[in-house]
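Protein chains: 4
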Amino acid sequence: MIVVLKPGVAREKKEGLIQWLERQGLQVHVSDGQFQTVLGLIGDAAHVDMDLVGSLEIVDKVSRVTEPFKCCNRKFHPEDLVVSAGGVPVGGGHFAMIAGPCSVETEEQIVGVAKAVKAAGADLLRGGAFKPRTSPYDFSGLKAEGLELLRVARAETGLPFVTELMDIRDLELFADVDVIQVGARNMQNFDLLRELGHCDKPVLLKRGLANTLRELLMSAEYVMSGGNEQVILCERGIRSFADYTRNTLDLSAVPMLHELSHLPVIVDPSHATGLARLVPPMALAAVAAGADGVMVEVHNDPLNALCDGAQALRPEEYEKLAAKVREIRKVVTA
Amino acid sequence: MIVVLKPGVAREKKEGLIQWLERQGLQVHVSDGQFQTVLGLIGDAAHVDMDLVGSLEIVDKVSRVTEPFKCCNRKFHPEDLVVSAGGVPVGGGHFAMIAGPCSVETEEQIVGVAKAVKAAGADLLRGGAFKPRTSPYDFSGLKAEGLELLRVARAETGLPFVTELMDIRDLELFADVDVIQVGARNMQNFDLLRELGHCDKPVLLKRGLANTLRELLMSAEYVMSGGNEQVILCERGIRSFADYTRNTLDLSAVPMLHELSHLPVIVDPSHATGLARLVPPMALAAVAAGADGVMVEVHNDPLNALCDGAQALRPEEYEKLAAKVREIRKVVTA
Amino acid sequence: MIVVLKPGVAREKKEGLIQWLERQGLQVHVSDGQFQTVLGLIGDAAHVDMDLVGSLEIVDKVSRVTEPFKCCNRKFHPEDLVVSAGGVPVGGGHFAMIAGPCSVETEEQIVGVAKAVKAAGADLLRGGAFKPRTSPYDFSGLKAEGLELLRVARAETGLPFVTELMDIRDLELFADVDVIQVGARNMQNFDLLRELGHCDKPVLLKRGLANTLRELLMSAEYVMSGGNEQVILCERGIRSFADYTRNTLDLSAVPMLHELSHLPVIVDPSHATGLARLVPPMALAAVAAGADGVMVEVHNDPLNALCDGAQALRPEEYEKLAAKVREIRKVVTA
Amino acid sequence: MIVVLKPGVAREKKEGLIQWLERQGLQVHVSDGQFQTVLGLIGDAAHVDMDLVGSLEIVDKVSRVTEPFKCCNRKFHPEDLVVSAGGVPVGGGHFAMIAGPCSVETEEQIVGVAKAVKAAGADLLRGGAFKPRTSPYDFSGLKAEGLELLRVARAETGLPFVTELMDIRDLELFADVDVIQVGARNMQNFDLLRELGHCDKPVLLKRGLANTLRELLMSAEYVMSGGNEQVILCERGIRSFADYTRNTLDLSAVPMLHELSHLPVIVDPSHATGLARLVPPMALAAVAAGADGVMVEVHNDPLNALCDGAQALRPEEYEKLAAKVREIRKVVTA
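Residue numbers (my numbering), protein chains in the order written: chain A, 681 to 1014; chain B, 681 to 1014; chain C, 681 to 1014; chain D, 681 to 1014.
Among these hints, one or two may not hold up.
As the list makes no split between identical chains, a pair holds if one copy fits it or if it spans any two.
Claimed, not checked - No more than 30 Å apart at the CA atoms, straight line, and that leaves these computed lysine-lysine pairs for DSSO-like:
1. Lys1010 <-> Lys694
2. Lys741 <-> Lys823
3. Lys798 <-> Lys823
4. Lys1000 <-> Lys755
5. Lys750 <-> Lys823
6. Lys1000 <-> Lys694
7. Lys881 <-> Lys823
8. Lys1000 <-> Lys693
9. Lys686 <-> Lys798
10. Lys795 <-> Lys755
11. Lys798 <-> Lys1000
12. Lys755 <-> Lys1010
In case anyone wonders, no lab produced these hints; they're calculated from the structure. Just so you know, these numbers come straight off a predicted model, no measurement behind them.
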């Protein structure tokens, strides 16, 4: 950590700060410039409250030298992580096609969609049993019954599945789920993250609507520091002032997260745009940007879907998209 | 709900949509303009998926006529709600001064701060026992012990207290808490909100970092539709591209929320700015904007605070601020 | 335009508004619902101040039925526009590779880069003679001399060039420029836009840092309504809360602009990311998203570039990128 | 400037960078930590391209020690600047009430409003003769005739006036204007700013919709570095994801700008909210936050205003507001 003092700071105040920093267990290197003094802190500054130091009257600014995340930091893990998602490898050159309906509705629906996306080349099935809804009056999922239907679809097709856990009290219902999804709204539900750090399932962690990459990585750190290193990051659109799309898909997050971390990074173009007709171009763009997978909503009857039908592709549309995804992937990895 | 069709839509497609809408239980008024057709939907359109309709190929745009929130909608509740926060009235002309440390640390600290803020005129004590922290390596609160210390401070001073619940599994520990706070990161933790709808304590609901006013009100709706109508809204800064402050305090939310809803609206200038020296001007601004209360962090030893010391006022600073708050309040309500 | 009145509005007030709207030359269709009244306005509502109507005490909300842009609206121009950029077609299936240095520095530099990017397959040269710089102390371009050097590079390579006009008073210096660029900071410099509406050169209009798609299209409308229909739109990153990239490249703007307008849409990944190493993945993503061209900064000596060296590719890097761009383009248009 | 190198950088690369930095005229202090090397640069680093250095493969991050603005930096100008706005002092304890219509429309209108706001206590008249409009089809001001009508209103009331200059070619028409306003959309029209640096009139510089405080100060620097030090800063709302207000008024900018700079800071609550009924609370909040003035739109017939009637107060509403502004100001400065 580096601390820049304001010009003309009284000597006693400077000494006072240096002594306080030393009491936190840090070595302080003082460098007096013509105009300002710079303190370089050596030692483990991760526990020092940077905001507090920055707010002191005599301090001009503070900046971190090292990132506050460790378990998910590529500096300490130069090799890409390959997550095993119910046997399907994700990351480190393994590309994952994840597809399925927003919500699980009936056995016929989920099994039908699962078969269709499998035929189109999907590796993993997605489907929501517990649905976060902005309004308390909207359909919020079939819950335990939905999980059961996902198991049926898995048995019928062999596709492992990813599904969202919203409430920590439901964790035991997820015992044989293949990948547990943490939704964007729960990205900083720290108790939930901590609990998932103690389980042995891969976690698909969605970036919150207004969360920075550092915050996303710190949330991955919550899971990983508990012992569970199987984390997949997912970009799904951020909130901006967009007027025609629901969110703004931030694809530069893909190469930047790969630079910062060794974790796999996938993209969800369905939630980002909210419009089925924007999903194919944005899915292809995600692949071109280097994503390790794309998660796409597919529904056999979007007009009658109980949730988010607007953003779901029909199976035949997904099939066409999947073919192009594979071709773009070939160009990217050539 | 109003649905505008694209120009030149084929007659059968238009008829198909109208029939589909009628099957959802709505009456459809068709108005053919020179250039475009407009469908006016009459009946309870709250359950119709507006995004889905908007995404149809033949639809140009869709707009809601009525707000999706009911319990907290001023249209149905013209009178201001007065919430009783441990006996202290908030809203409807009753202004609440809430103050205390970010985290509860020791009995001496919390009792000391409680006495000081009471002397300065505070009506309610705040203090965190469970602390949401971006990093898993940071101090996350004294938990049950912290709640116990808050009870001690209440006993010593008579001040009721507000404290944050993060994990739904801890709810029973909060049995004699005066006001339960839902933090910004949990504003859309819908299971938590639903559970709080069944309890009999006032809920202080903080606006999420990137949540719109409508989303905030929909979260209040989650609590209220469960039967608990005692909700206080709290603006605490939104995320923008700000370079010198932590967040951007959105004070126009105060009069706008008052227009949309009958719930009390308070402001937390400490988290919004992250800098103690910006807290007094922004607290006064909040009062001038018509807030029903201000919640301010106060610590007797900010430099050694375990959390967010950078934004805490010292008791003597709070005392000065509190005096000015009262004067501004007098001007505003004159 | 549709106007929704508040519930329980007095009859005289409603009549007053209807009469006022009729005086603006509109026909008003009144539709009284159970709960609220909706007014449908027929006629040219483009000149009615929607914000004013929306602010009236008796009005609940107002929404537009038709977009305020006409010249650039795909509804009236279903065929893609092909712009001739100094003889190079852009749009409507014609993909443009635009490359060159941020600033023109010396004859050797600009001619060298021009030859290199031509060899790599570029169709158009870019280079700044007038540079907008946040700081008055930074290098702001060679000005007239820079334009002269661009002409030399064109003569040597046959590549037409695009360069930015900042000050309307310099317009005559641009007489033989092939494409005039309007920078992001000038996207709403309305006098400049109006003037360009009277000239006969293609205009490359960059989206402002915080401008919506509608605002971008309204700025195109300024140029086009003056008679100059040769406008190319350019997405170059928007401002968000991004922590590791300079801006957030909004690629969903590409398919959405194509839906709203018939104008060609290109992407500038260099300014969006500010980091050379992110340019290739984001350029490929732009192509995959359906862009009609990509504009990339290339410099033969980035470390000593006078401006924005951080985001420039070296010629050999550009060559590799260009080859992949062509392959992705093939997949997209297959 | 401080440069942090990546861990494990090869010695030759480190030496190469140090030599390059020294060639830029800087002294480099090397501090080798356990894990990373930190370079402290001494000398005038203002001309070094921080982004370029940050993008180098061996560099982890770069941070500025000193701000890039000088003329408007409070560090070098500890005393508040008092600007003379046509004889009216602004800043340094002098509070300015600025009021008037969005656009000048007729002599009767502007003289009528000027008399009314003067009676209510306004110090300066505002009124637009040249109006920036998002749509080319909207009323764009009376231009030279509007300036003439402002002169008439000044002659009748003695109030100096502030009015916006959009096109640098119109500068000579502004010869006897009291304060020249630079609108939000032109905040980074650098040629315009540079030209204003050579004139002898106070400049009221509005913050752009998505500009940081540093960018605002750098724009002030453009004017001041040309020799004209009479700059007033104006916060007028930033763009966020707000759903019910036009923009988000960023009042924490007021104390923060006062900390960073000695220039006066005023607030425009009318454009920020776009709604007349939100103007009074936000104007009072601005005063409470410490603004040196508030600029408010007032119109004698808002319903028939040619521009932005939605946000204009009627004269009698302004009178009430002005009285409260004075009372709040008394509390703040007590």
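Quiz item: Which of the numbered hints above does this structure break?
Solution: 1, 2, 9 and 10
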